[in-house]
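Colleague: Chain by chain, the residues:
There are 2 protein chains.
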Amino acid sequence: MNASNKNVINVTPLKASEYFNGIISGNRVSLSRAITLIESSLEKHQAMARELVELCLPYSGNSIRIGITGAPGAGKSTFIDSFGSYLTSHNKKVAVLAIDPSSSKAKGSILGDKTRMDRLAIDPSAFIRPSPSSGSLGGVAKTTRETIILCEAAGFDFIIVETVGVGQSEIAVHSMVDFFLLIMIAGAGDELQGIKRGIMEMADAIAINKADGDNLTKAKAARAEFSHALHLFPPSESGWVPRVETCSALSDMGIDNIWKIIEEHHLAAVTKGYFDFNREQQSIFWMYDTITENLKSSFFNQQKIKDALPLFERKIKDKTISSYAAAVELLELFKNRK
Amino acid sequence: MNASNKNVINVTPLKASEYFNGIISGNRVSLSRAITLIESSLEKHQAMARELVELCLPYSGNSIRIGITGAPGAGKSTFIDSFGSYLTSHNKKVAVLAIDPSSSKAKGSILGDKTRMDRLAIDPSAFIRPSPSSGSLGGVAKTTRETIILCEAAGFDFIIVETVGVGQSEIAVHSMVDFFLLIMIAGAGDELQGIKRGIMEMADAIAINKADGDNLTKAKAARAEFSHALHLFPPSESGWVPRVETCSALSDMGIDNIWKIIEEHHLAAVTKGYFDFNREQQSIFWMYDTITENLKSSFFNQQKIKDALPLFERKIKDKTISSYAAAVELLELFKNRK
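Chains V and U supply the protein sequences, listed in that same order.
Take the first sequence: its position 264, counting from 1, is numbered 264 in the working numbering, and each next residue is one higher.
Take the second sequence: its position 312, counting from 1, is numbered 650 in the working numbering, and each next residue is one higher.
Any given hint might turn out to be false.
Just the calculated beta-carbon pair ranges, DEER-fashion [to be verified]: (1) V/W259 to U/S427: 55 to 61 Å; (2) U/F615 to V/A121: 44 to 50 Å; (3) U/A459 to V/S297: 47 to 53 Å; (4) V/K296 to U/P648: 33 to 39 Å; (5) U/F638 to V/G26: 17 to 23 Å; (6) V/E263 to U/Q641: 21 to 27 Å; (7) U/S427 to V/H228: 50 to 56 Å; (8) U/M591 to V/A221: 33 to 39 Å; (9) V/R197 to U/W597: 43 to 49 Å; (10) U/Q641 to V/K306: 28 to 34 Å; (11) V/K315 to U/G611: 19 to 25 Å; (12) V/R197 to U/G611: 29 to 35 Å; (13) V/D214 to U/Q619: 23 to 29 Å; (14) U/E670 to V/G273: 32 to 38 Å.
In short, the hints are calculated from the structure, not lab data.
Backbone N, C-alpha and C define an ideal beta-carbon position, used for all residues, glycine too.
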């Protein structure tokens with residue numbers, strides 16, 4: 001490289017097999033560049049990404065995938081820093097993927113959080129990768145799922161997928177992990193402030209964080225309350241009854257108890273055969289989901305449809321057309337496309 | 339009609355405008371026959387049904403739509419009989435639509451239940467109509483939504499939509515009503531036995547039924563527990579905090595309290611502008627949902643896709659193809675259809 005090139009980011013195009021060899025031998029640079037390839041929307045990159053994912057697929061699956069969510073301020077990143085370090089101190093390799101398909105404001109918050117993963121950031125057994133916040137939810141979900149496969153092929157034992165708890169992404173993440181953890185803090189009855197409805201019901205466990213100092217009593221009370229409330233829910237498909245535990249990520253207190261819950265859940269799921277069953281169901285779900293999202297985008301990205309939609313929405317609001325008749329007319333418009 | 343015709347069911351085809359005139363003047367026979375038209379899958383019936391719904395649309399909307407669900411045995415039909423009679427005794431007209439898109443076994447159960455609505459069945463201010471259990475969920479949802487429009491045009495003040503609480507239909511019903519009520523019974527910690535996850539979180543209120551005799555103490559305890567648990571949920575979009583009340587439909591006890599909750603919810607929603615906003619959002623949602631369901635059925639009903647799906651599902655389970663690559667191949671197959 002000569003001096004005049006010093007500001008050019010030099011990315012020599014590799015073949016899929018070259019990326020694969022790098023990943024399988026645990027090369028972090030190869031892994032990072034492969035994830036960038038997966039994130040690319042260029043058609044030639046997409047084709048190569050598919051080839052690469054197929055190569056990695058037989059080497060994937062040997063991890064525990066943990067989804068972690070919680071409202072802003074609950075201390076998710078501090079928790080992941082503490083929990084991840086606990087795992088690496090037990091000779092485990094940990095990959096952290098941070099998803100945030102919502103606003104650029106929230107993106108800033110996750111990137112800000114990332115710098116707070118002080119220990120993991122310099123831990124040779126850890127790998128942290130934020131997802132780009134641009135693109136559709138379906139696109140982010142696809143990227144994250146394929147990144148999981150790559151990280152597993154690279155030998156990571158734990159894949160932690162972090163989301164911000166305020167959008168639709170939690171449902172997507174819930175459909176790609178083995179264990180879903182909700183991080184909360186104890187407060188004056190507004191523990192779930194900022195958390196969307198439906199998220200608590202997906203949780204396999206709730207960690208009540210910042211259970212230290214003056215907060216300890218409140219955190220213990222919240223633990224009892226939520227523990228009781230979760231028992232009122234109908235049982236989950238796996239038969240697992242969600243658990244609640246307090247912790248203080250800042251002082252590494254109680255992190256081992258959270259791990260014990262995850263370990264117990266994992267053993268139960270493997271023993272019952274639910275673990276493999278759930279992974280298969282998730283993979284099949286994502287095939288159907290990808291097809292549906294693709295059909296929808298072919299439809300709604302057609303210019304005639306884009307032009308007509310506001311008019312039909314207006315007519316529906318004015319009650320001059322029924323929802324069904326509007327759908328039929330739009331479908332006709334789509335079929336008669338030139 | 340001469341003697342030789344006495345066993346022939348004589349259904350003269352009417353025009354849409356004739357159905358409409360009958361409905362608008364409150365003729366029950368016209369309403370019933372119009373609903374049968376809406377339920378028909380024949381293309382000529384569908385076209386006429388659309389015309390009829392358009393005619394009724396400007397006369398629709400003036401009702402309170404209440405979704406009622408609960409596990410088998412919770413006493414839904416007894417509750418509806420009591421609650422509906424309470425409303426008709428206050429000079430209100432009540433239509434009851436029972437949806438059950440699940441098994442024919444469950445269908446039997448709803449039809450069985452219907453005969454238990456003793457009072458409403460002979461009440462001139464009430465109209466009871468079970469939905470056919472055949473057909474897709476999307477089809478049943480469409481039928482029910484259009485039936486609501488017809489019933490409103492016929493002057494009903496309350497539309498009660500009943501589901502069995504074990505399937506996907508509750509989510510559909512939740513998207514077409516103003517108020518969603520869950521009927522439960524107090525038991526030994528298994529109050530929600532038979533209720534799918536996610537249903538409790540949709541409820542605007544929970545009625546703990548059969549709160550009489552030996553059950554009263556248990557019911558009151560359950561009321562306190564669920565009331566407390568519901569406060570732990572994140573607030574709903576409307577700002578409404580779900581309520582819990584006990585009642586005994588069999589002895590008409592506490593039914594007025596349930597009504598007071600619904601009335602309070604209605605007043606709050608109207609005052610805040612949430613009522614109209616929610617109805618508009620629901621109508622627009624159903625346009626998008628109808629389009630998506632139609633796109634999916636065009637795809638998945640194609641013979642080549644039907645033939646190929648089991649193979650791709652097998653490959654995914656064997657990890658010889660990724661979810662995304664499988665979706666891409668199936669989409670290619672679909673596009674190249676002859």
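Colleague: Assuming the hint says 17 to 23 Å, is it satisfied by the Cβ distance from U/F638 to V/G26 or not?
Modeller: violated (41 Å)
Colleague: Does the Cβ-Cβ separation between U/E670 and V/G273 fall within 32 to 38 Å?
Modeller: holds (34 Å)
Colleague: Please test the hint of 44 to 50 Å on the beta carbon pair from U/F615 and V/A121.
Modeller: holds (45 Å)
Colleague: U/M591 and V/A221, beta-carbon distance inside 33 to 39 Å?
Modeller: holds (35 Å)
Colleague: Does the hinted range 47 to 53 Å hold for U/A459 and V/S297 at CB?
Modeller: For U/A459 and V/S297 the Cβ distance comes to about 49 Å; the hint holds.
Colleague: At the C-beta level, are V/K315 and U/G611 separated by a distance inside 19 to 25 Å?
Modeller: With Cβ atoms ~21 Å apart, the hint holds.
Colleague: Within 23 to 29 Å: is that where the Cβ-Cβ distance between V/D214 and U/Q619 falls?
Modeller: violated (43 Å)
Colleague: For the pair V/K296 and U/P648, does the Cβ-Cβ distance stay inside 33 to 39 Å?
Modeller: The hinted range 33 to 39 Å is violated for V/K296 and U/P648, with Cβ atoms some 24 Å apart.
Colleague: Does the beta carbon distance between V/R197 and U/W597 stay inside 43 to 49 Å, or does it fall outside?
Modeller: violated (25 Å)
Colleague: Could you say whether the range 50 to 56 Å given as a hint is met by the Cβ separation of U/S427 and V/H228?
Modeller: violated (39 Å)
Colleague: Please check whether U/Q641 and V/K306 have a Cβ separation lying inside 28 to 34 Å.
Modeller: holds (32 Å)
Colleague: Quick one: are V/R197 and U/G611 within 29 to 35 Å, going by C-beta?
Modeller: violated (21 Å)
Comparing the model with each numbered hint stated earlier shows that hints 4, 5, 6, 7, 9, 12 and 13 do not hold.
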